[in-house]
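Asker: With the hints as a guide, dock the two chains, each given alone in a separate frame, to form the complex.
Each chain is listed here by its residues.
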Amino acid sequence: MNDTFNVSSIRRDFPILSREVNGKPLVYFDNAATSQTPQQVIDVIVDYYSTYNANIHRGVHALSQEATDKYEQARHTIQKHFNIAKAHEVIFTSGTTHSINLVANGFSALLQSGDEIIVSALEHHSNIVPWQMLCERTGAILKVIPMNLDGELLMDAYQNLLSTKTKLVFCNHVSNALGTVNPIKQIINKAHEVGAAVLIDGAQAAPHIKADMQELNVDFYTVSAHKMCGPTGTGILYGKEEWLNKLPPYQGGGEMIAEVTFEKTTYADLPHKFEAGTPNICGGIAFAAALDYMSGIGFQTIAEYEHELLSYATEQLLTIDKLKIYGTAKEKTSVISFNIEGLHPYDIGSILDKLGVAVRTGHHCAQPIMDFYKIPGTIRASFSFYNTKDEIDILVEGVKRAQNMLQ
Amino acid sequence: MSIKEIQEEIVDEFSMFDDWMQRYEYMIELGKSLPLIEDQYKTDDNIIKGCQSKVWVHAELDNDKLVFTADSDAIITKGIIAILVRSFSEQKPQDIIDANTNFIDEIGLKEHLSPTRANGLVSMIKQLKLYAVAYQTQLK
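Protein sequences, first through last, are from chains G and W.
Just so you know, the first sequence maps onto residues 1 to 407 in this note's numbering.
Just so you know, the second sequence maps onto residues 1001 to 1140 in this note's numbering.
These are calculated hints, taken from the structure and not from any lab test.
Treat the numbers as computed from the prediction; the structure is a model and nothing was measured.
Careful: at least some of the hints might be erroneous.
[Said to hold, decoys possible] Each computed PhoX-like pair below joins lysine-lysine, with the alpha-carbon atoms no more than 20 angstroms apart:
(1) G:LYS167 <-> G:LYS190
(2) W:LYS1004 <-> W:LYS1092
(3) G:LYS374 <-> W:LYS1042
(4) G:LYS240 <-> G:LYS80
(5) G:LYS374 <-> W:LYS1054
(6) W:LYS1126 <-> W:LYS1092
[Unchecked claim] So the derived label-pair ranges between C-beta atoms look like this:
(7) W:ILE1097 <-> G:GLU341: 39 to 47 angstroms
(8) W:ILE1097 <-> G:VAL46: 47 to 55 angstroms
(9) W:GLU1005 <-> G:SER50: 53 to 61 angstroms
(10) W:VAL1133 <-> G:THR319: 48 to 56 angstroms
(11) G:GLU341 <-> W:MET1001: 38 to 46 angstroms
(12) W:ILE1047 <-> G:ASN160: 36 to 44 angstroms
(13) G:LYS330 <-> W:ILE1097: 52 to 60 angstroms
(14) G:ALA85 <-> W:ASP1044: 46 to 54 angstroms
(15) W:LYS1049 <-> G:GLN214: 45 to 53 angstroms
(16) G:ARG11 <-> W:MET1021: 22 to 30 angstroms
(17) W:ASP1019 <-> G:ALA54: 51 to 59 angstroms
Glycine included, each C-beta is placed from N, C-alpha and C at the ideal position.
This is chain W alone, in the form it adopts within the complex (with noise of 0.2 angstroms):
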């Protein structure tokens, strides 16, 4: 599936809770499924800056699709996380760095957006765009 038809199929399974209390159970479920970063790579480098919890990210390149692996030391952030990492995992760099990410708006977790929000959901995308960004170099 392309990160499209993924992002689509997110918003859809979101479309069927009517209040935020719902929604941000159906969150913490899926940072339940989150492919996990590995202990090694669970390192003060690997975190993600301008998150008021822990978040560590690790990218590797499996033939030329990058696959994503995290973890986060909030329940809540982990959701979040594990949404952008299903949207990207698995996807070419340029298609990540092409993407764009506004069904975080429609599945009802715009506050997260705003740049001073302190989970930092901005500086998550900023992060996986980057690794994206790294690795394409690497392709070429």
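For reference, chain G alone in the conformation it holds in the complex (with noise of 0.2 angstroms):
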């Protein structure tokens, strides 16, 4: 690890870390939903909105050209973070959600009955909705690939599914729900044997691993801000050119057209061809400055802490009796979903709120991988470069006091 990574003037940057909940300190372990801001990521946002918010592209007025720049700018930083060979394959979406939609919607003119989709048994229902929506539209067939009680896919499955009517696989990088990482690179060359488009979501990943989309060969890769320090209702779509000229834009409007009559309209170039009206200005130049501070402290010195804690983390709460970690995929980011024996999740979580800490209760938006184990939801703690050893001492302690309340 490198040894300038300091937890503690770390965490001095994030004001939010320093509240109260409930009277005791907050110990925030829901960082897979959404992660915390710095103040520099902060400062950004109050720095556009104090000296020059203004309309980008359109106006001929110094604001708007600085807007512009800067936003034009973030578009560059985040080509570079995920080395992306062109500046207008990344499309700035509101999130995940809104890329897999555009991605979907635009399949549905390329797809005919009969043709094959493949997603993960892992997915996340953002993943799995479009794709059934998208099914009913065009007669196409939606396939799963299975999953181990470890919440690993089986791979030789997945490879009995491939045809040459497979037209899409979509499948997450990281697991929402337990934290699997994916073996993507395999998922993306099978398919490409097949001549199938690969879709891969990357929220989960994007905050511990640092994508390469020339190197994964991927045709379309999503990412959301919020999870990675930025602010909420920004992300981008990541596409191949050529698959981005293949698709038909998602949404009319300003800013994604060349020129309007009433008898025609000619679609705007990449990017603006699928980022119609004005789109979240602040959120994608903030997005950039949360991929700057994240990079600052390294994505490589990240992982190393966050599987520190993930370790620690893992090995503590597996000393309560009856408690049963699900996912326990070799290779995993830091997320733990547990249950214990006898006890409802949502009551654990209630306790553990009323101490401060905040995790996250349910089915994760996940239903299929909670039937698939037969319960009813989990509880899920997911662990930051932010968060301290000491931290997830408290939610040991915490779950011990639920159990003890509760049993």
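Answerer: Shown next, in the form of structure tokens:
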């Protein structure tokens, strides 16, 4: 690990971490849902609205020019971070759900009845529902890559699902419910062998793993800013130029047109073809600031420290009687989904909240995974690089206390 | 006792506790005294939507009064529905419709009143009142 990594000084960057909840210091372990925002990013948001808030790409005035420059600069920062070949392959969206819907909608024009779409058993609802809707519209068939009890995808079964009928494969890079890191390189290569396109949902991976789009050779990749120290309601869709050119526009409106007459509209070039209307300008700029902030610490350093937290938390939680962890894949990010035998996750979560510990309870928008394990849901603690082992001790004590109260 | 009197009694009981832990423990105790719904009514149709845990409620008329039975798969939620059932059960439908539920705030469970709260306290109140509205129509 990088010797300069100092979690106490990092924590000082995050104002929210010093607040109290129910009279107790906040212990924030819901990072897989939304991460917290450092002062450096908050400053960028304040600066935007204080000094150069204006609409982009249209105005001739100085403010509009300044905002446009910063927004396009942000696109370049994102391009560089993910090693994307061309800046116009970065489409700003409101986040991963929007990105996936954009692609699903586009493919409805390209699919025919009988074509096949493959999704993984580990998907978030946002990566299941749009494809079901797409299948309903086009008559395409949805197939699912099964998983084992550790929460790992069965790659042999995947191989068997693939055929020349396969047009699209969708899989998350990291499972939000279990933290499994999926073998996406292998998934992408095998799909390409049969000529299928691949969309990887990177929402849960991007805060922990710096993905290289050219090396992965992936066709589409989605990211949400709010899971990596950026603001909510902002994200990107990466798409290979050839695919983005093939897809029809998703929404009509300003910005996405080249010329409009009542007879015919011609669409703007990439990326504007997919960026109708006034975008979340401040959000895009702040997203780039968040990437700069995390890169300043170093993604390798972050991953190593989070791995240390994951090992420590796994070890400590397993000392609790009747505790079971769901998702024990060999490759995992810092997410632990668990239950206490005989107790409802909601009860544990409510008591943890009273103790100032924020966790997520429920099905984590991944009901098929909960059905697979035959449970109503889990308690999910997800760690970020600003969390500490002391906080994990508070979680463990809290779970024990809840167990005592409830049994 | 009227709904108001029952609610005052519950507020009185909770006022003995000075921290959340004791209040939660008492709520868990109250859950144990909940008149349980019969298995035949524990169907998906009787699950209250909007709760993270499962809550089943059944209502039937006994002369001109409504009697509620319920259950939940989560212990805290069971305590919450038990408090509601205790205040509304064996009351006239019109009285249930007219009753307010401000006492929830007074017993220190205000955070559960938020409509986005996963336990769906608001959905539970709404469901009990809907039963009252339905049976009120029947009585007329």
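Asker: Do the Cβ positions of LYS330 of chain G and ILE1097 of chain W conform to the proposed distance bound of 52 to 60 angstroms?
Answerer: holds, 58 angstroms
Asker: If I claimed the Cβ atoms of ALA85 of chain G and ASP1044 of chain W lie 46 to 54 angstroms apart, would that claim hold in this structure?
Answerer: holds, 51 angstroms
Asker: Does the Cβ-Cβ separation between ILE1097 of chain W and VAL46 of chain G fall within 47 to 55 angstroms?
Answerer: holds, 49 angstroms
Asker: For the pair supplied as a hint, LYS167 of chain G and LYS190 of chain G, confirm whether the alpha-carbon distance does not exceed 20 angstroms.
Answerer: Roughly 12 angstroms between the alpha carbons, so the hint for LYS167 of chain G and LYS190 of chain G holds.
Asker: Tell me if the straight-line CA distance from LYS374 of chain G to LYS1042 of chain W falls inside 20 angstroms.
Answerer: Holds. LYS374 of chain G to LYS1042 of chain W sits at ~19 angstroms (cutoff 20 angstroms).
Asker: Would you say the C-beta atoms of ARG11 of chain G and MET1021 of chain W sit inside 22 to 30 angstroms of each other?
Answerer: holds, 28 angstroms
Asker: Go ahead and decide if the range 45 to 53 angstroms is satisfied by the Cβ distance of LYS1049 of chain W to GLN214 of chain G.
Answerer: holds, 47 angstroms
Asker: LYS240 of chain G and LYS80 of chain G: Cα distance at most 20 angstroms?
Answerer: holds, 15 angstroms
Asker: In this structure, is the beta-carbon distance linking GLU1005 of chain W and SER50 of chain G contained in 53 to 61 angstroms?
Answerer: holds, 57 angstroms
Asker: Taking the CB of GLU341 of chain G and the CB of MET1001 of chain W, does the distance hold inside 38 to 46 angstroms?
Answerer: holds, 40 angstroms
Asker: Holds or violated: are the alpha carbons of LYS374 of chain G and LYS1054 of chain W at most 20 angstroms from each other?
Answerer: holds, 15 angstroms
Asker: Does the Cβ distance between ASP1019 of chain W and ALA54 of chain G fall inside 51 to 59 angstroms?
Answerer: For ALA54 of chain G against ASP1019 of chain W, whose Cβ atoms are near 52 angstroms apart, the range 51 to 59 angstroms holds.
Of the numbered hints stated above, none is contradicted by the structure.
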